[in-house]
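Engineer: Chain by chain, the residues run as shown.
Protein chains: 2
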Amino acid sequence: MLAELKRLMVGQPLATEPLAHERLSKRIALAVFSSDALSSVAYATEAILIALMAAQSGALGYATPISVGIALLLITVAFSYRQTIIAYPQGGGTYIVSRENLGVTPSLVAASALLIDYVLTVAVSMSAAVAAITSAVHVLEPYRVELAIGLISLVTLANLRGLKESGRIFAVPTYLFIGSMFALIGVGLVKLMLGGGSVPAAPVPAIPYVPEEFQELSFFLLLRAFAAGCTALTGIEAIADGVPAFQKPESRNASITLVIMAVILCTMFLGTTVLANAYHIIPDGSLEPETANSQLARMIFGNNSLFYYVLQVATMLILVLASNTAFADFPRLSYFLAQDRFLPRQFAQRGDRLVFSNGVVALGIFAAILVIAFGAREQSLLHLYAVGVFLSFTLSQFGMVQRWRKMRTPGWRRNAAINSIGALVTGTVLVVIASTKFLEGAWAVLMLIPIMVILLRSIHHHYTAVARQLSLADAPPPSAVRRHTAVVLISGVHRGVVPALQYALSIAPDNVTAVYVDMDAEVTAKLKEKWKRWGSGVPLTVLSSPYRSLLRPLMQFIDEIDAQYDDDVLTIVLPEFIPSKWWQHLLHNQTALLIKAALLFSKGKIVTSVPYHLED
Amino acid sequence: MLAELKRLMVGQPLATEPLAHERLSKRIALAVFSSDALSSVAYATEAILIALMAAQSGALGYATPISVGIALLLITVAFSYRQTIIAYPQGGGTYIVSRENLGVTPSLVAASALLIDYVLTVAVSMSAAVAAITSAVHVLEPYRVELAIGLISLVTLANLRGLKESGRIFAVPTYLFIGSMFALIGVGLVKLMLGGGSVPAAPVPAIPYVPEEFQELSFFLLLRAFAAGCTALTGIEAIADGVPAFQKPESRNASITLVIMAVILCTMFLGTTVLANAYHIIPDGSLEPETANSQLARMIFGNNSLFYYVLQVATMLILVLASNTAFADFPRLSYFLAQDRFLPRQFAQRGDRLVFSNGVVALGIFAAILVIAFGAREQSLLHLYAVGVFLSFTLSQFGMVQRWRKMRTPGWRRNAAINSIGALVTGTVLVVIASTKFLEGAWAVLMLIPIMVILLRSIHHHYTAVARQLSLADAPPPSAVRRHTAVVLISGVHRGVVPALQYALSIAPDNVTAVYVDMDAEVTAKLKEKWKRWGSGVPLTVLSSPYRSLLRPLMQFIDEIDAQYDDDVLTIVLPEFIPSKWWQHLLHNQTALLIKAALLFSKGKIVTSVPYHLED
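Chains as they are written, first to last, in the working numbering: chain A, 27 to 642; chain B, 27 to 642.
A portion of the hints provided could be inaccurate.
Since the list gives no way to pick one copy over another, a pair counts as held whenever it fits inside one copy or between any two copies.
To be verified - Cross-link-like lysine-lysine pairs, in silico, DSBU-like; alpha carbons within 35 Å at most: (1) K622 - K607; (2) K558 - K607; (3) K274 - K52; (4) K217 - K622; (5) K629 - K32; (6) K607 - K552; (7) K32 - K622; (8) K556 - K622; (9) K556 - K607; (10) K622 - K558; (11) K607 - K554.
Hints listed in this document are in silico derivations from the structure and should not be mistaken for laboratory results.
My request is simple: use the sequences and hints to build the entire structure.
Structural biologist: Here it is as structure tokens:
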């Protein structure tokens, strides 16, 4: 029944065959790989405004210069990644780059940071997608968490079915989003120039309570706002990871696409921030908050205009796509880690539909937990987000520097210099983010990463220890079994016991003992009587159990029997009667199961189940 | 670790030894067996008042005549049970009486009603115990449910440890309760006579909304109030169940104790109701309700007097004791039912501390569920309570009638007449309760009982079917195993495989096959190479699995091998490597477990695990 439900939800199993990949044109690739990066425009500006609000609303004007700084940072990072694209035409994910150039531990740090990031990508994007909708349709506001969980379940299921990475599906929402954002910015700027000073100031909402030390605009506060805006850069590395998917020449096409994406992202981000300042947008701290973008769009397009709704829907769609990229990346990274024996090997198995189902499910569950814990508030989740992203940026750039120094290919000095600047800048930003956002959640990520590294390492340690112990490299030649001893455990004399006894006699003809644990003197006496007739001459040992424990006397007896000979193999034979329906198992003591579990951990005993099947 | 926690909570196991029972004097027996009945005084009067409130508060005066009716009913029932005591000196629980005299189905109806009642006894008593406390200490009101669950857990744990039914422990709270109730009634009556009309009327609370059809005092309403008050009779059968615990002559002592209890119960119940009317007590419908008894005690003893607090504590204690009797009765009845094969046999096992632990835990869980569902409001739970009680009263009395008619002992006509009256009266009350309380919850109990009877019957059917199939009565003589076939399932060639192969060769020297499921052509090629050296000459079959399923091709192959010979025994040998720590299992595929489960349900295959133990 469960199997049927799975078929219905996930679909029929697919046969293993060479996984074909379509090669993507620049136009399609932009859509496929940039949804994560571009969608950050949906929340980054608001994050800056919220950070500045901690002073007074007059400070909001600083958003524009801060955004310019972030745009410069973006250009630096994009340039650094162009290098990676050229160096790794086979795809230069951070884990691979740092493993090759920095060693195991840095690569595990990067991997941990990335795994955390993918979970956060899903949680943030889905929460922001819901925010785009609830901003437009306020009545849905109380169902934020339910809506976000619904979206996560939907995308999880789609990925379990094995969503083909069909470029066209991605292209529509991405270009719709880019188009409507450009329309917003264009119309906004024109209205601004025509209308002059006639822009109505938004009503100033009640400013929430702010601790006193933040009241004045300080340098620290500006850094916090900058750190908040750095979430605009998340997802920018996606093109570098996906170079092999491009049409030939892959590296060239990928690096052109990266530049185009960086330009679009800069334009949208700067445009939004400038307009938010010009239109006096103030982040909505009410119980039914509206996103800053939604406020802006209402002002520019008009309150209930079609354009407004198109933009909100496009925002939601691109955010769902953004989280979908994490659903491709997380299972792939877990697969790499499982292949390298740092994660349980279950993550390396393809499911019925050829996807790494365990990774997909794990990501869905973790993201859902975060969404519930944070009430699907993307702005609260953002505090955790940027740390891991910039940690992996820095490691990736630093890995590239090491690579240039090792390879010494033509122009390596120039290349190393570019990546050094990248590493330096992203490293500095990492420190800024970690220190300014520490209390708001960055501490959790910074604590989790070393824990995860230790965990990954101990998993690896276990697997290598197992492989060493199982290796046949210097194993002794096989030695035949010389002598059999068999013990038959019985809970009564019934039809199920007879075949078990015969089986034991057939493998150890002159060395079988039957054992019974006495619980009730009367019952035992009857059993002994029956044994005379049905015992096939096998000696019966009755163990007493003053504390009514079955396992203790049994295990003790078995150990005694085991100690009798040195050169024998001891087989424990368990007669089991099997009800015909699974629920009927509940009506019988699960002693056989308990005994099997106990014997499993007791060395050197072979356990044989002789089933007797019941009907009805 | 889990085992240690259990030791700490439950205590060391106790040895099986003849269970010694202390014989109880009348004075102690009254305390032991009457807590359930006497404690009903804590809520029965209030239940009548609440039912009458549905009209207008002037109707509350009808409480006194209704209580007189209930007292008469109580006397009738007590007389009927005196008969049971004389007829069943070995203890005449309703289940036993109805099984002996009415047949299987009526006894199962009685058993179901009783099981439901025991659960309700715990839920009602614990909720009322909490109400006694929160009435005195209002700040605890928001933690009603938590407190009730805490009390249930405490009593469950105490019973798992095997609370000795030490009479003295019971005597203190019971006599404290009787003493303080008599003091309350005495002082109340004296004040009433001295003070004349000076009793201050309690402030009339806002009467909650009441459906129109109930607004006027109708005959139906009076019946409802009567039905509500019948909860005063719950627990009255306890003495009849426990006759063997009395000192000799058991029956005589038990019947005297029953009469004394009935007198005390009548006095306390009538006294409380009369005073509640005289002092104009109105049930408290507020959000932080105070029990009627607590209101009355405040008026009579004074608001913060020591006497008031003593009464509340005594009320709480006797209610906890009342629920404790259910913790003795429920596991005992489940034991009887399991012995008769109507419940899973797990209920017939004594745990480490000689108690029927499964019954104790089941009762605790069901009661906790009810408490949570009803927010620990005893007055809401009461609507469900009396139906089952009167159903079992009626069956028990009716069983006695049948018994007299069969036995025809001297005076059987008189005895049969007394029990007939009892059966008639309790049966009529049952109909009254079921009809007047139907919509408020009685329907649930009336629906649950037949469902439980069907369940009990189908469990019984299963057990008898199993016994029949396992019986050796006309079994063929044992036939020796003639020929062995063995299949070794391998997941690779490693040290764990070698002993499994040798074992298979030793039991079926010329009929062993190894099987491997191909998942990756490259890996399979390597494996075949290794097999040449380590395969000990055993032929290796490689199965292809286009859908990456392990089980399907394996089971198909095993079925084919099984079909080869008719006279052979097929053994499936599973090499298993066992990590040294349990959590390391998570790092390995649980394929062995899956395969064992699949083979268990596939007829006639013997499964042998050959373990290979890993270190560290």
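Engineer: Honestly, which of those hints from before does the structure not fit?
Structural biologist: The structure conflicts with hint 4 only, although it agrees with all the remaining ones.
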